[in-house]
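S.K.: Sequence:
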Amino acid sequence: MERTGPTVRFSRLLAVCSAGLLAAGALAASAPAAGAADVDLARNGGFEAGLDGWNCSAASGAAVSTPTRSGTSALKATPAGNDHAKCSQSITVKPNSSYTLSAWVQGSHVYLGATGTGTTDVSTWTQSPGAWKQLTTTFKTGPSTTSVSVYTHGWYGTPAYYADDLTLVGPGGEPVVIPAVPAGLKTTAIASTSVALSWNAVSGASGYNVYRGGTKVATATGPSATVTGLTASTAYSFQVSATNAAGESAKSAAITATTTAGGGGGGDTKLPARALVGYLHSSFANGSGYTRMADVPDSWDVINLAFGEPTSVTSGDIRFALCPVAECPNVESEAEFKAAIKAKQAAGKKVLISIGGQNGQVQLNSTAARDAFVTSVSKIIDTYGLDGLDIDFEGHSLSLNTGDTDFRNPTSPVIVNLISAVKSLKAKYGPDFVLTMAPETFFVQLGYQFYGSGPWGGQDPRAGAYLPVIHALRDDLTLLHVQDYNSGPIMGLDNQYHSMGGADFHIAMTDMLLAGFPVAGDTGKVFPGLRPDQVAIGLPASTQAGNGHTSPAEVNKALNCLTKKTDCGSYQTHGTWSDLRGLMTWSINWDRFNNWEFSKNFDAYFGN
33 MERTGPTVRF
43 SRLLAVCSAG
53 LLAAGALAAS
63 APAAGAADVD
73 LARNGGFEAG
83 LDGWNCSAAS
93 GAAVSTPTRS
103 GTSALKATPA
113 GNDHAKCSQS
123 ITVKPNSSYT
133 LSAWVQGSHV
143 YLGATGTGTT
153 DVSTWTQSPG
163 AWKQLTTTFK
173 TGPSTTSVSV
183 YTHGWYGTPA
193 YYADDLTLVG
203 PGGEPVVIPA
213 VPAGLKTTAI
223 ASTSVALSWN
233 AVSGASGYNV
243 YRGGTKVATA
253 TGPSATVTGL
263 TASTAYSFQV
273 SATNAAGESA
283 KSAAITATTT
293 AGGGGGGDTK
303 LPARALVGYL
313 HSSFANGSGY
323 TRMADVPDSW
333 DVINLAFGEP
343 TSVTSGDIRF
353 ALCPVAECPN
363 VESEAEFKAA
373 IKAKQAAGKK
383 VLISIGGQNG
393 QVQLNSTAAR
403 DAFVTSVSKI
413 IDTYGLDGLD
423 IDFEGHSLSL
433 NTGDTDFRNP
443 TSPVIVNLIS
453 AVKSLKAKYG
463 PDFVLTMAPE
473 TFFVQLGYQF
483 YGSGPWGGQD
493 PRAGAYLPVI
503 HALRDDLTLL
513 HVQDYNSGPI
523 MGLDNQYHSM
533 GGADFHIAMT
543 DMLLAGFPVA
553 GDTGKVFPGL
563 RPDQVAIGLP
573 ASTQAGNGHT
583 SPAEVNKALN
593 CLTKKTDCGS
603 YQTHGTWSDL
613 RGLMTWSINW
623 DRFNNWEFSK
633 NFDAYFGN
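One rule links them: number in our numbering = place in the sequence shown (from 1) + 32.
Keep in mind the hints are simulated off the structure, nothing from the lab. Just so we're clear, the structure is a prediction, and the values are computed from it rather than from any experiment. Mixed in with the good hints there might be a few duds.
To be verified - With a Cα cut of at most 27 Å, we get these calculated DSS-like pairs of lysine-lysine: (1) K411 / K374; (2) K381 / K460; (3) K218 / K283; (4) K557 / K283.
As the list claims (entries may be wrong) - Derived Cβ-Cβ restraints for the label pairs, each shown as a range: (5) K165 / G435: 22 to 30 Å; (6) P304 / D414: 22 to 30 Å; (7) T168 / D84: 48 to 56 Å; (8) A81 / S176: 29 to 37 Å; (9) F638 / Y188: 28 to 36 Å; (10) G639 / G490: 44 to 52 Å; (11) E359 / N433: 36 to 44 Å.
By construction, the Cβ of each residue, glycine as well, lies at the ideal position given by its N, Cα and C atoms.
Generate the whole structure from the sequences, applying the supplied hints.
M.R.: So, in structure tokens, the structure goes:
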């Protein structure tokens, strides 16, 4: 969260991550051309059979008779809104083999690429508005890669593009066989309205189907899923099957789980079913102006006081004070502030101290810093009668030491000590203690691709660094609201990059939190999905609040897709997350500056 405006840190951090993979990239770039014995593996690459074998986003693709490069048909695909008209095909390949991907294209900004290679995914593009042009790229498959996805797409705001004569030349892959039945199905968390499941990964599986009482209720890309929309104190039967291009396995042996009587999991703090979370600039002023606690509208269910900050980066000693009069002439007195907090709590609202922010770097490198953190945060909570804690560690607060590669068993002191400190606070204040977190995408969803310094070293050690904290505290966590702003493009579970500012980004990023994902691509280290009631979407309240502002119409599209599976665009979610808790914004002050557009839209959407 920022005091003064958006930053550009993400692009710099991602550049460091990418630098650590240059050696792997060189491997793909230097892959030798296909040999004479190789074959063209693409199906219907000339589109003579229409779109047979191809999957095009939304209604963007069609086979047309003109223009064509050869034959009687070619692909025409038209970008629209956030849909850049992607058409793709899954192709069976051999591990440790070299392939050449080629296509003839025509149009303004046309892309050709391959994903799921097991080494480094590749793409190339051209501007060729007036004539057919051939695009070619090469790659080598990884040691366990048996299929890749090849694709073409255009770009946002450009006219239709055309593609023809697409080929993938290389060794033919072994026939795909239906995967084995998953084993080891078990529950990992049970709440009043949801059950989290996990099972053993199946070799050759590209996905999994989850069944409740014999009816398919969810899909997953990895060996875990959370089934939602259940009834309290009710027994349910679950099974799981494995899928790939050849078909679906038989269902696993069934297990039975009974939902809890109510509440469900850590942080049962009596929040409304749909909660609106906002940050209140209490200790500083900026262009949005100072807003008194008493003037915060009733729309806001959770109010995070920004910010508690350390006396030094490594001290662990957190301090909070109201904005000085010289900086905020209309600031209320301490007594008025405390009285307003009590009034909000009497109305059912939660008021938390948020620790960190853009300027408040906190590194708990020692047990002394950990203990100072617990003591000082407790003092703030007690002084103002607060309901709990929001962790908004940014910048260099969290990072993973070299060799700390398993998010389930972290060893880095700053991670271990933070987890210990928060557990101590939870134990001190009991089950009504509200715990929320507001990490940036770099520290969470980027973990799908990169984790810490990586297997070869050289990556940014902060990549994915929130994952062990979230995982260790998931039973105590009330809400996770990742900042879906001030972010570079992030790869989603569809293995495509998604950019902030529209519904697609929020859909993809939130689906990752709910479906779970393999960390750094390791299917043996899957971050399990959170319960939908533990997740809110984080957005800026106005264009001034941060990069990636999303219009109310696009916010509503994201909510429709995630909770109803409508308005989904090109990204397909891995479940219907009807219990999604709500929205978070930076900030209440910026929303007031923008005539309360964000909170008014929230109230209108949920009928408040």
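S.K.: For every hint, state whether the structure bears it out.
M.R.: Structure-based check of each hint:
no. : hint                    : verdict
1   : K411 / K374             : holds, 17 Å
2   : K381 / K460             : holds, 21 Å
3   : K218 / K283             : holds, 14 Å
4   : K557 / K283             : holds, 23 Å
5   : K165 / G435: 22 to 30 Å : violated, 47 Å
6   : P304 / D414: 22 to 30 Å : holds, 26 Å
7   : T168 / D84: 48 to 56 Å  : violated, 24 Å
8   : A81 / S176: 29 to 37 Å  : holds, 31 Å
9   : F638 / Y188: 28 to 36 Å : holds, 30 Å
10  : G639 / G490: 44 to 52 Å : holds, 51 Å
11  : E359 / N433: 36 to 44 Å : holds, 39 Å
Figure legend: structure checked against the earlier numbered hints; hints not met, in rising order: 5, 7.
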